[in-house]
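Novice: Note that UniProt numbering numbers the sequence shown so that position 279 is 279, with each residue one more than the last.
Treat the hints as calculated values from the structure; they're not laboratory data.
Treat the hints loosely; a few may be bogus.
[Stated by the list, open to error] Label-pair restraints from in silico Cβ distances:
id: 1; residue 1: A22; residue 2: E160; range: 23 to 33 Å
id: 2; residue 1: S199; residue 2: T50; range: 39 to 49 Å
id: 3; residue 1: Q141; residue 2: S105; range: 20 to 30 Å
id: 4; residue 1: T50; residue 2: R312; range: 44 to 54 Å
id: 5; residue 1: K251; residue 2: T26; range: 46 to 56 Å
id: 6; residue 1: G311; residue 2: T200; range: 25 to 35 Å
id: 7; residue 1: S199; residue 2: G49; range: 47 to 57 Å
id: 8; residue 1: K18; residue 2: L198; range: 40 to 50 Å
id: 9; residue 1: L198; residue 2: D300; range: 56 to 66 Å
id: 10; residue 1: K250; residue 2: L198; range: 45 to 55 Å
id: 11; residue 1: R266; residue 2: G311; range: 24 to 34 Å
id: 12; residue 1: K250; residue 2: S291; range: 27 to 37 Å
[To be verified] For lysine to aspartate or glutamate, the following EDC-like pairs were computed, each having C-alpha atoms within a straight-line distance of at most 20 Å:
id: 13; residue 1: K30; residue 2: E19
id: 14; residue 1: K305; residue 2: E268
id: 15; residue 1: K125; residue 2: E298
id: 16; residue 1: K43; residue 2: E66
id: 17; residue 1: K145; residue 2: E96
id: 18; residue 1: K245; residue 2: E268
id: 19; residue 1: K43; residue 2: D120
id: 20; residue 1: K289; residue 2: D265
id: 21; residue 1: K125; residue 2: E268
id: 22; residue 1: K18; residue 2: E66
id: 23; residue 1: K114; residue 2: E163
id: 24; residue 1: K58; residue 2: D48
id: 25; residue 1: K125; residue 2: E160
id: 26; residue 1: K116; residue 2: E259
id: 27; residue 1: K45; residue 2: D59
For glycine and all other residues, C-beta sits at the position ideal for the given N, C-alpha and C.
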Amino acid sequence: SEDLSQIKLGNLRNFSFKELYAATDTFSTKNILGSGGFGNVYKGKLPDGTMIAVKRLKDVSGTSGESQFQTELALISLAVHRNLLRLIGFCVTPNERLLVYPYMSNGSVASRLKGKPPLDWNTRKRIAIGAARGLLYLHEQCDPKIIHRDVKAANILLDEYFEAVVGDFGLAKLLEHDDSHVTTAVRGTVGHIAPEYLSTGQSSEKTDVFGFGILLLELITGMRALEFGKTLNQKGSAMLDWVKKIQLEKKVEMLVDRELGSNYDRIEVGEMLQVALVCTQFLPAHRPKMSEVVRMLEGDGLAEKWAAAHGRDHNLNLDISWPNNSKGLSRAGSMPKNPHNHHHHHHQRSNSMLGASLDDDDDDEHSLDSFAMELSG
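Taking the hints into account, I'd like the entire structure generated from these sequences.
Specialist: So, in structure tokens, the structure goes:
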């Protein structure tokens, strides 16, 4: 099996620690692109000029041995799809585990949503469908299937064409410590985490679908889930109830990122919102599979899914049977017109941040009401 893992690793480059130490300028703090649950990510440059991102994993002492690590890497390296961040190499020493990825010049969706100029609506749609296709590949085209476990805007990166690239998949399994056969140490960001994962620590494809639904809400609103959700008793309940209420009252424009002005298609926003709500239903069994999500985003099958979800809960539209603690909204924003979307991909500022599980969200308090007022301008 040792030979097998060597063969499988044939498409990965085995870097020496010295090479990566030099490429990142001795792991200089000025090269840190971000840090997250798994460790820091550094920008690096190889002697031939190739720009790379080096993830230096932390807490490697209790993890699996080198050969098992390489076997896991071999599996990750087989997941090759245009919407997945490709692993290009690794480095293993007795005390270090490093992963090497191509550098993504446009950072993460999380960093771009906060940056200027804003992502236009067409780009946001492309990001949604690209990320969905990447997750679909992990769930249904990989054998064994890969569950991401931390789907969020900080882990969706943007390549030079603003195509979505899903990063940080496969890492949760890679870093499971030998003594932890139970996955109760919940990794992930509250606000993006499905309720069943919070309560049991069990993840499935449907946990990823929930996180994807929250990502769609972030693309629509421009807000990160935690900025929505600080007041939310550890569940996404109040935020989701509130979003449903707006959907129900057909006041979609109250939700749309103000940075978009009126440059978006109201019908498309409404449809993306429906997909988001179908994905974030309380019971995992009620959420669609990623293959269905891709179809819905492509305009196929949404009406049926929506009707089914609708039928489950007449009051709230959807099976999100959490306590309804959102307050009504008094003001609606102005109705946007529907002009053509502007393209300005090439003006986008690259703010060099490989947001791979990096953006540990800041703790700013937002009450739902002030958030509503803010959105409604």
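Novice: Please go over all the hints and tell whether each is borne out by the structure.
Specialist: Status of each hint after checking the structure:
1. In this structure, A22 and E160 meet the distance hint of 23 to 33 Å, their C-beta atoms being roughly 25 Å apart.
2. For the hinted restraint 39 to 49 Å between S199 and T50, the CB-CB distance of approximately 44 Å keeps it satisfied.
3. Between Q141 and S105 the beta carbons are some 27 Å apart, a value that agrees with the proposed interval 20 to 30 Å.
4. At roughly 51 Å, the beta-carbon separation of T50 and R312 lies within the given 44 to 54 Å, and the hint holds.
5. Between K251 and T26, the C-beta spacing of about 54 Å keeps the proposed range 46 to 56 Å intact.
6. Restraint check, G311 to T200: a C-beta distance of roughly 27 Å satisfies the suggested window 25 to 35 Å.
7. Between S199 and G49 the beta carbon distance is about 49 Å. The supplied range of 47 to 57 Å therefore holds.
8. Separated by about 42 Å at the C-beta atoms, K18 and L198 satisfy the suggested range of 40 to 50 Å.
9. A hinted range of 56 to 66 Å for the beta carbons of L198 and D300 is inconsistent with their spacing of about 32 Å.
10. Between K250 and L198 the CB atoms are about 31 Å apart, so this pair departs from the stated range of 45 to 55 Å.
11. Range check, R266 to G311: Cβ separation about 25 Å, and the 24 to 34 Å hint holds.
12. Distance hint for K250 and S291: a CB-CB separation of about 29 Å, consistent with the stated range 27 to 37 Å.
13. The straight-line distance between the Cα atoms of K30 and E19 is roughly 18 Å, inside the 20 Å bound, and the hint therefore holds.
14. Proposed proximity of K305 and E268 is supported: the alpha carbons are some 16 Å apart, at most 20 Å.
15. Distance hint between K125 and E298 is fulfilled; the C-alpha atoms sit about 10 Å from each other, no more than 20 Å.
16. Taking the CA atoms of K43 and E66, the gap is near 25 Å; set against the 20 Å cutoff, the hint is violated.
17. Between K145 and E96 the alpha-carbon distance is near 27 Å, which puts this suggested pair outside the 20 Å criterion.
18. With a C-alpha separation of about 18 Å, the suggested pair K245 and E268 falls inside the 20 Å cut-off, and the hint holds.
19. A distance of roughly 27 Å separates the Cα atoms of K43 and D120; the hinted pair therefore is violated under the 20 Å criterion.
20. Of the pairs offered as hints, the one joining K289 and D265 is violated, with about 26 Å between alpha carbons and a cut-off of 20 Å exceeded.
21. Annotation: proposed proximity of K125 to E268 holds, straight-line Cα distance about 9 Å (limit 20 Å).
22. Pair hint K18 plus E66 holds up; C-alpha atoms about 18 Å apart against a cutoff of 20 Å.
23. Simply put, K114 and E163 have alpha-carbon atoms about 18 Å apart, close enough for the 20 Å limit, and the pair holds.
24. Distance restraint check for K58 and D48: the Cα-Cα separation of roughly 28 Å exceeds the 20 Å cut-off, and the hinted pair is therefore not satisfied.
25. For a cut-off of 20 Å, the pair hint linking K125 to E160 stands: about 17 Å separates their Cα positions.
26. As the CA atoms of K116 and E259 are separated by approximately 9 Å, the hinted pair is consistent with the 20 Å bound.
27. Taking the CA atoms of K45 and D59, the gap is about 25 Å. The hint is violated against a cut of 20 Å.
Consistency with the previously given hints fails for numbers 9, 10, 16, 17, 19, 20, 24, 27, ordered from lowest to highest.
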